[in-house]
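> Work out the full structure, taking the sequences as your base and the hints as a guide.
2 protein chains.
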Amino acid sequence: MLTRQQAEGARRRAAAMLRDAGIVLTPEEASKLEIADCALGHLESEGLQLITYVNNERYCAKEIVLFPHQTFPQHRHPPVDGRPGKQETFRCRAGIVFLYVSGEPAAAPRCRPPEQSTEYYNVWHEIELGAGEQYTIPPDTWHWFQAGDQGAIVSEFSSTSTDDADIFVDPRVVRAPAVAG
Amino acid sequence: MLTRQQAEGARRRAAAMLRDAGIVLTPEEASKLEIADCALGHLESEGLQLITYVNNERYCAKEIVLFPHQTFPQHRHPPVDGRPGKQETFRCRAGIVFLYVSGEPAAAPRCRPPEQSTEYYNVWHEIELGAGEQYTIPPDTWHWFQAGDQGAIVSEFSSTSTDDADIFVDPRVVRAPAVAG
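These protein sequence lines map, in sequence, to chains A and B.
Following this note's numbering, the residues of the first sequence are numbered contiguously, the last one being 206.
Following this note's numbering, the residues of the second sequence are numbered contiguously, the last one being 206.
Which copy? The list can't say, so a pair holds if one copy fits it or any two copies do.
Only pairs whose alpha carbons sit at most 25 Å apart, straight line, appear in this in silico SDA-like list of lysine to any residue:
| no. | residue 1 | residue 2 |
| --- | --- | --- |
| 1 | Lys57 | Tyr160 |
| 2 | Lys87 | Ile192 |
| 3 | Lys87 | Glu33 |
| 4 | Lys57 | Glu82 |
| 5 | Lys87 | Val199 |
| 6 | Lys87 | Ala46 |
| 7 | Lys57 | Arg29 |
| 8 | Lys57 | Glu153 |
| 9 | Lys57 | Ile152 |
| 10 | Lys87 | Gly110 |
| 11 | Lys87 | Gly47 |
| 12 | Lys57 | Glu158 |
Hint data in this document are derived by calculation from the structure and do not stem from the laboratory.
Structure (structure tokens):
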């Protein structure tokens, strides 16, 4: 679990990256930036920072901040209450993000999984997104992603977000935010 | 109807405003920026510029560019095929936008309707959005909006967009894009 100090440091760093990219948050939003280390204990290599702008029963929009080479673990969005799983469009705003999804594996992938977790990454169809580029991930599709050398800022446009329902390959992952008191 | 030259000028101006705000489009997106004068023939005062990032059967995301004091005419999004009308969240990214929706009228509204069209504007509940601020408009709610002195860039996150179904107060409005040959 992250200490409060670690979470605050990550929050400040993510807020600075957003500012540098010209993305404005209200002070209240900046103070609530979510730091998700997935309970893995190594945020710098696995996890992400995000702000949820809106999440209602029809649509959701978030801004995701990834530190250099930070990786979000492989997961999928299964059907929930008889509705298809979450569908999401990733639009890169700054930096570079590498997406890996089910499908034809890349011959020479540009990324490696975090060394503590290699056995929990097994889809290798690669999509590279630079600023202004986007990709839509169908519901219930295995995927993970990693930022390039400069980190990345990614807008996520999607159907309703139901993080609790997400299925991760790595059984250690806990998606709910947790910060030590 | 806009001439091709007028549309190209508006496209270049909108692309420059996006660049100034740090929002990156692909060259293909920039070349397809939609110029919507609503067939009213005075784009500078009534209309908008936009790029639709994604519009599928579950969600939609767009970037809207408004020139200084440019106004988008009053309209609502009615139910379509038994589904509630479009719900949309406007998030201001740069500049200022004034939203007017049904409800308690502002005592001293900051904006006036375009002078050619005053009779087609009649909701006056005012919401002012600066960069980083947002507001969600419920389905089937009358609304219109106008940019401040510097223009505005607004991200629109919403349920599926079905422009053809929109209902405008002004019977002259045609929402489908039209550019002279």
